Amino acid sequence: MTVARALPAMLVGLILLFLALPIVVVMVVSFSSATYLTFPPPAFGLRWYSVYFGSDDWLRSTWLSLWVAAAVVVLATLLGTLAALGIARLPKALRVLASALILSPLIVPVIVVAIGIYYAFARYGLVGTPAGLIFAHTCLAVPFVVTSVNASLAGIDPRLEQAALSLGATPIGAFFQITLPLIRPGVLVGALFAFITSFDELVVALFISGSGAVTLPRRMWDDLLYQIEPTIAAVSTLTIVLTVVLMGCAHLLGKRAAA
Amino acid sequence: MTGAGRGASVSLSNLERRYDRVAAVAGVSLDILSGEFLTLLGPSGSGKSTTLMMIAGFETPTGGDIAIDGKSVVAMPPYRRNIGMVFQNYALFPHLTAADNIGFPLKQRGVGKAEREKLVREALALMQLPDHGERYPRQLSGGQQQRVALARAIVFKPRLLLMDEPLGALDKQLRENLQLEMRRLHAELGITFIYVTHDQEEALTMSDRIAVMNGGLVAQVGRPEDLYDRPGSRFVASFLGESNFLPAIVRGVEDDIVVAECEGSIVRALCPGRPATGEKVMLTTRPERIRFADGAFASTAPQNRLSVTVTEAVFAGERCRYMLQARDGTAMVLKEPSSAAIRRRAVGERTEIAWSVADTILV
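Read top to bottom, the protein sequences are chains A and B. So the first sequence is numbered by numbering that gives the first Met the number 0: it starts at 0 and just counts up by one. So the second sequence is numbered by numbering that gives the first Met the number 0: it starts at 0 and just counts up by one.
Keep in mind that the hints were calculated from the coordinates and are not lab data. None of the values given here were measured: they were computed from a predicted structure. One should not assume that every hint holds.
[Said to hold, decoys possible] The calculated label-pair distances, taken between Cβ atoms and stated as ranges, are:
1) A:81 - B:93: 16 to 26 Å
2) A:94 - B:30: 40 to 50 Å
3) A:19 - B:130: 44 to 54 Å
4) A:92 - B:328: 47 to 57 Å
5) A:19 - B:59: 50 to 60 Å
6) B:129 - A:92: 42 to 52 Å
7) B:42 - A:244: 49 to 59 Å
8) B:130 - A:45: 53 to 63 Å
9) A:81 - B:135: 25 to 35 Å
Quick reminder that beta carbons are idealized off the backbone N, C-alpha and C, glycines included.
Please put together the full structure from these sequences, using the hints given.
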């Protein structure tokens, strides 16, 4: 390999290293034996993992985040898929408008969305409740579902549905037998993104989780503010592993959809 | 599966489909007989596909009526019309095997699994694809996909089969094979076929009758040979096959034959009406029905004659194609079956051509 060709490769390698290093540091620190955050660690051990699994607070927040995310997956996937199907049937001008509205939570700064949600939810007693978190996270997750289902729908010949009807399928029968199986990869990718969106979400949680519904990212934030110890690195490592596994699933599904 | 009376009759009366102020179909009336192979032929935008989509139930008429076996179906949703349909580019379900695609309409009708499998096997055999049931559409060739689509559309024994340019995406050889196969299938099933195409050769080869459409209206309906021999309008004459058009002036009428002056010669033409003497008219005749009428043929040549100059000569294998210019400048085409024994004409040659009165139509 000549130097001219090696240079771009090295540059790309450096950029990737720059992106990955913080994650590597966190993972290494999580196995530290020290009682404070320091790098490199003086010695290695599983001490902070045992702290995490021994703490009711951490486990309660983890379960809360998991089941809030699960509920968000169900709601956002249902709403997002229906929205994408509806949008696909709109005339073009309306389709652009409806898409823009649905995607707006992605475009508006999250902090603005969070403030809006906080004031709106406070009025109905939803602050500090899991239900509030579920509704708020669903708003943030729906755009991802709509986008990925939309992409799936774009690849489907509209005549397939007509063919199903001409062969005697009712509109509902045609949806479940033809359309849904064909957009399933898009729906599943959307569901995974919905899960990750909710599970990783901090800003909105800061405003509305109160003291009654503290999610995992929120507890990590609090922990970082008040007591700097490597538990947070252990938790981070666990969430990173979970996220990477889910992203891997999404990637595989995407590949299957493209085939 | 054979037998007369199995096919549905379809009656379109004053059928109309408007989009805002544009009429895609502007009042089509057409009676399609039970068991008939009728082709809707026309250029794109002539309304043929929209007409078919209205019969299938995917487009709602803005006026007029569609009756199948005498009963109006306008208010009936497509899935209750029990019409087989073959789409352009097949519209096979990509996630189902060929067998499951064909079994789909049976499943919708609650046919049991064992019976379904038997009927699917029969349909695959009929389409000469007995070993392709487990393949997915993407594993089949274009011609095989077309056969599966056809099998899927007839497996539930509909009495009417609609086809929307089903052979458009296939190459010429395969298209010609499938044309013959469709004719065979039509004879075998005895059901009514309505076929949409813009390919006039396909229409002439397969149809019992052709309805030529233009601008959202039916320009002419008839048997292929009638349309070809007696086009009723300039549009039909030029769209269905190739035609020469000769401006002429009427000099008289003898029985049902018009005597007209054309390019300085007297030419006779068939005409159903009685045009007035002195009227300016257009005569049409087919390029393959004109002959060179000099030399040995001069005395036996048919009645209509013109003096022309050869302006272009093209050898095209099975025939030679000549561009000619008549005395007043009208361009004409003449097609002659090729033979090593016939002298080829040279560009610039002046000669006589002749053709029969029976092949001359006033349009």
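* Asked: Which hint numbers doesn't this structure obey?
  -> none
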